Amino acid sequence: MSVILSIPVLGFISILQSAVVSRLPLNHGTADLVMVVLVAIALQKTSTVSWQWSIVGGLFTDFISGLPFGIFTVSYLIITGIAHIIRKRIWRFSFLMQLLVVLSGTVLTHGMAYMVLFLQGSNISFITALQVVTLPSIILNFMLSLPIFILTQDILEQVHPQE
Amino acid sequence: MNIKFPKSLRIIAISLVAIGILALALSGVFTTFSRWVVSPMTSIQTWVSLQYQGVENFVSASQDIREIRQQNTELEAENARMQAQIVELQQQLIEFKILSALLEFARANPEHQYIGASVIGRDPSPFLNYIIINRGSDDGLRRGMPVVTQNGLAGRIVQVTATGARVSLVTDPVTKINVRVEPSRSAAVLSGSITGDITLEQIPQDADVNPGNLILTSGLGGNYPANIIVGQVTSVRSRENDLFQSASVQPVTDFSDLSIVLVITNFEPVDFIPLIPDSGTP
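For the protein sequence lines, the chains are A and B, in the order given.
If you number the first sequence the way the working numbering does, the last residue is 370 and the count never jumps.
If you number the second sequence the way the working numbering does, the last residue is 311 and the count never jumps.
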């Protein structure tokens with residue numbers, strides 16, 4: 208998939224994230240649609256531009272979010288790195304790997320957000336953050352993972368048909 | 030032997046025979062005979078007629094079904110249009126009610142100037158209680174301007190672009206607002222949290238704070254105008270060994286369902302940073 212294509216696609220997904228997905232919380236957690244899409248792309252063997260897509264997705268989310276600029280870009284790049292390591296180590300990819308990377312990614316992005324807020328002087332209980340924000344977010348991300356994984360796989364197979 | 034009768038005689042004879050047959054028929058002599066002949070004919074005619082009616086119904090019914098289906102399709106389309114119109118009108122009604130309440134709030138607080146804005150999004154991070162509104166610097170919005178709803182304080186603008194702005198809600202974990210408790214007029218600090226709950230901190234131990242007391246902005250600190258309602262005290266925690274009391278507050282605004290807000294445009298936040306002496310200077 209072209210890098211240029213990532214701009215309208217991830218731009219739309221970022222808007223969808225802010226306008227719709229963030230308004231549908233489970234307890235106080237929300238799904239991270241952009242991250243789930245980026246993980247699904249990074250784990251596909253036919254994907255060749257996942258790093259570039261991660262940068263574009265991270266920049267879009269950074270523009271929308273109130274967290275310090277760069278937090279999401281760095282998080283998404285690390286998550287893409289994790290996905291690439293798993294993709295190389297495991298010969299046959301299974302959907303469980305998607306869940307594993309989504310789990311790591313959610314913990315990572317939330318950990319970084321937590322650290323930033325902690326440094327800004329916010330007195331947030333770690334246990335409360337884990338219970339009311341991170342765990343519900345993981346559940347929501349898991350729920351989104353399967354349809355997005357299948358959709359991404361289908362689209363990539365159309366773009367890069369296997370011989 | 031061929032006997033020839035005159036023509037007139039033949040006519041008379043035929044007429045007499047016809048009259049005779051009619052007379053016999055009228056007298057009922059032919060009833061049994063006619064039953065033998067007519068009954069099978071009636072049955073046959075009934076059967077033929079029924080078959081014809083069946084064919085006629087089939088032909089006309091198929092045409093009717095087509096018409097009914099067409100009408101049904103048209104009605105379904107009309108129904109869908111009406112349903113969409115109802116949803117749109119309900120949405121407009123909700124917006125109208127909100128706008129009416131906002132207008133009432135603006136009339137009740139005429140000391141401020143307002144710009145209405147729609148909420149178009151929320152922060153992607155669940156750790157931040159931010160909303161995004163569809164008005165920006167092109168509309169005269171600036172960083173630090175307070176944002177209110179028809180019920181009371183919602184937050185303040187923390188970032189502005191040309192066509193949009195990000196608003197930090199009073200429930201945001203980083204938010205600290207100087208408030209006072211009515212009717213005791215005790216000063217306190219309001220803090221948000223990731224759970225969306227807001228708490229009152231730094232309430233003096235001797236302050237008389239009770240559940241049901243109103244929380245209003247005090248104007249101290251220069252970040253918010255004074256006397257905007259924020260919430261109501263629900264419970265107070267006071268321990269003898271603590272320096273301050275604390276209290277839980279029920280916000281007056283439902284932050285999970287924000288759709289339209291008002292930005293106070295004639296309030297200039299005070300920047301105290303230049304007045305704070307540098308720690309390195311003598």
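What the hints contain is simulated information worked out from the structure, not anything from laboratory work.
Computed from a prediction, not measured in an experiment: that's the story for all the values here.
Backbone N, C-alpha and C define an ideal beta-carbon position, used for all residues, glycine too.
One or more hints might be untrue.
As the list claims (entries may be wrong) - A short list of chain B residues far from chain A (calculated; beta carbon distances all over 10 Å):
(1) T61
(2) V84
(3) G181
(4) G250
(5) F273
What the hints assert, rightly or not - Selected chain A positions facing chain B (in silico; Cβ < 8 Å):
(6) H235
(7) T237
(8) K252
(9) T253
(10) T255
(11) Q259
(12) I262
(13) L266
(14) G273
(15) L274
(16) P275
(17) S301
(18) S311
(19) Y321
(20) Q327
(21) V340
Exercise. When the hints from earlier in the document are held up against this structure, which numbers fail?
Worked result: 8, 9, 10, 11, 12, 13, 16, 17 and 18
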